[in-house]
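Undergrad: Could you build the full structure based on these sequences and the hints that come with them?
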Amino acid sequence: MNGIENVSRRRFLTGGIVAAGALVLGVHCYPKLAAGDELPDDTNVDHATLHPSVYLGINPDGTVWIVASRAEMGTTSRTTLPLVVADELDADWKRVRIEQAIGDKRYGDQNTDGSHSVRSFYNAMREAGATARFMLIEAAAQQWGVPATECETDLHVVVHRSTNRTAGYGELASTAAKFPIPRKEELKFKPKSAWRYIGKGAVSYDLEALVTGKATYGMDAHIDGMVYASVEHPPVLGGKVKSFDDKEALKVPGVQQTVAIDPFKPPPAFQPLGGVAVIADNTWAAFQGRKKLNIAWDNGPNENYNSEVYKNELRATSHNPCKVVRNIGDADAVFAKGGKAYEADYYVPLLAHAAMEPMVALADYKDGKVTIWAPTQNPQGAQDTVAKELGIPKEDVICHVTLLGGGFGRKSKPDYIAEAAVLSKKLGRPVKVVWTREDDIKFDYYNAVASMYLKAALGTNGKPTAWLQRSVFPPIPSIFDVNAVYGDAAHLQQGWTDIPYDLPNLRVENGPAKAHVRIGWLRAVANIYHGFAIQCFTDELAHAAGRDPLDYLLDLIGNPRTIDFKGVEYPNYGASVDAYPWETGRLRHVTELVAEKSGWGKRKHSKRTGVGIAVHRSFLTYVATVVEVEVNDQGQVRIPRVDVALDAGLVVNPEATRAQFEGAAVFGTSVARTGEITATKGVIDQSNFQDYPVARINEVPAQTNVYIVDSDAPPAGVGEPGVPPFIAAFCNAIFAAIGKRVRDLPITKLGLS
Amino acid sequence: MVQLKVNGADKSFNGDPGTPLLWYLRDVLRLNGSKFGCGIGLCGACTIHVNGQATRSCVTTMSNIAGKEVTTVEGLERNGLHPVQKAWMQINVPQCGYCQVGQIMQAVALLNSKKKPTDQEIDDAMAGNICRCGTYQRIRAAIKSAAERRHERD
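Keeping their order, the protein sequence lines are chains A and B. Here the first sequence is numbered in my numbering, starting from 1 and rising by one per residue. Here the second sequence is numbered in my numbering, starting from 1 and rising by one per residue.
Far from chain B, some chain A residues (derived; all Cβ distances over 12 angstroms):
1) H47
2) D154
3) P180
4) K240
5) K247
6) T258
7) P263
8) V309
9) K463
10) D488
11) L506
12) G520
13) W582
14) G599
15) L752
In the DMTMM-like style, the derived pairs of lysine to aspartate or glutamate whose C-alpha atoms are separated by at most 25 angstroms in a straight line are:
16) A:K247 / B:D16
17) A:K192 / A:E583
18) B:K11 / A:D281
19) A:K251 / B:D16
20) B:K144 / A:E208
21) A:K184 / A:D712
22) A:K749 / A:E630
23) B:K86 / B:E152
24) B:K86 / A:E655
25) B:K86 / A:E208
26) A:K265 / A:E438
27) A:K455 / A:D555
28) A:K94 / A:E171
29) A:K214 / B:E77
30) A:K607 / B:D119
31) A:K291 / B:D16
32) A:K214 / B:D10
33) B:K144 / A:E655
34) A:K749 / A:D691
35) A:K188 / A:D92
36) A:K292 / A:D246
37) A:K214 / B:E69
Simulated from the structure, these hints should not be mistaken for laboratory data. Note that the Cβ used here is the ideal one computed from N, Cα and C, for glycine as well.
TA: Okay, structure coming up:
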């Protein structure tokens, strides 16, 4: 069959990887491990008659297989990227089948984080579709004896208009497979006017499976002969087991044995935390057995970590000169003149992800190789970590990606997967590790606790003549380097070094903070605390000047210009500043748009009702949010309405984008209302939804209206950027309603709920 | 020995009567639609029906349900989709989807007791079901849409 020739050509072209193992992953079913030596790239796409790309294959029956190489955690990327392929292929979406990729470097980056799936893969998806379309047209032209230039496509067929002939993609597939794969320069892309799906979008490919319970998450992974494991981790980060007694645990019906897991060697990175695993016939027995363990711990170096003390330390650091990360003019010289000035401290505590599906992974180690099924944002990262833990080559780690029951950044860290792999190797049988909600809350990679100090010297109309801002937070690099105490450029850029205001004198600083828990990425990451501080401070300055917050904000943003980052380490979310310049005009535009749509200054507000505004660019997307709140006499806050305007460049899937911004308002509500993780003697105080509440239906915005700017700029992120401006706008609205200023999150600290 | 009905079929359970129904459904019967979210009845991801009432299966023990009828999402509708599932698709409610079966089971129970629930009644009935993705606005719309459609049919 032609496939053989094509497979070998593809391997040649991609530098291919060959490794033994199992597999095929359908999202709705889990095939058992095959006994033979099948290749890990043994997918329906690879088997297709025509498969000019790792992402795409077409069979003689007209079925188009598209690989989803990014993880699906609710952002619809598993649907949105294949839509781009299908559009450029001119395929009928109803005849497309999506296949989830295993972790495999031939797909390029698979870490589904940083809101960059569409941005980073839009061109690759278009090329895949255009390549196949090119070959199908060549095949039809040859068949008909006409020039390819006279042929075009129309929804799954190639057409020769003048002779009124058509041929379906399926019937052309085997002929097309004989043609050489065209070079990128030969490809012809569809004009925007001919797009079928890009910009129109579609609902999730899995929608019916999601509402019928047939969708398969990591929690649902199952293979015959597997045992269940629940792990008691050291309560303090860096602690270890001194001794343990499992006599009572082993008496629990269904419990088979216990297994000690070594503590990690610092830095923690994504290593298992260590502890004692209870192995059982079922999940419940494993949970019950764990409760009966009697373990003596050595709590290690973090046992004196207390959140309240730590907060004071961060604040004290922020009140003294720190490391300068951006400077314009001479702010100190202006402050020294002793004119009118305004200063404020802001604080955001540690935050947990609390994805609805707790961490879970199934691993099957056999003959020096391990096969994994896990809800992971980062299957190649899982391969790396597991390979290191087990001392086997990366290609001997096969990582299937299930659907994720939420991710929010937590499932980019494969510690829980490594735990399953280590246990499977020790036991010599498949092991499914199931974390409880308590494990999830207590052993997270938390969004950093942060203290921010801001000071402005005020001139005419209350406009700042000098601006100083310092942030202090334990940085994410601390999980990879125990000595890392300063923020790295990738996180200082997040709403801090890129403050977009037109200021004559600006100094941006960052202070040191040592981590005592694992710090990680959480939806919007450092933008959460940086955006909160800058946008609330702006609102404070507006009120101090007696000015309308919208007018004041626009005044600070200034005239449209491109921010010059000369002398500043500014990674721009990994994108080139030429393709994605920081344009204040676009920020201004969304600000004016949200003001208009929300009826800013026009709506009448009753007593104890107020609106707040905030803006923020993150993940290359410009967002402006207006939040309306009502606060009753008991301090209970209602959110009748949210308006959000965004410019994310080209938006492939507007429906999914609206959903992401609706969800971001809810996520922001959780952060602002109740989000707080604290530690006492190094032990996390919270454990489940009773003490780490997340927003419920009666606490969230009653209505979130999303306005998407029509833009031809290259695509930017949509999963995360809605969170930061929501939080600040919400707090600014509270001030407008009742005159109370939120400087420490969550709002419960002000007696609000 | 605990006797019960699951989706119309007779079942008997010989294990620890203190086992939560959720783990019997998932680990023994392999009915995976009902999800584990918190284990203490605070998130609603495990919601099923016991004798028609929305119930958290993670805190309902096997001894609690002796002689009762359990309905999970797998048994919600014999043919095709339940009207509430259809409304969920029409409004495009799910994001990650993990909580949605629990949300749907809760919403079905609500609509069985209230033909046209108000916003307040929807909030009251659904406040036990967490959606971390934040699909609440669409959940509310889908419940209203399902109620409306049924109203038209009646």
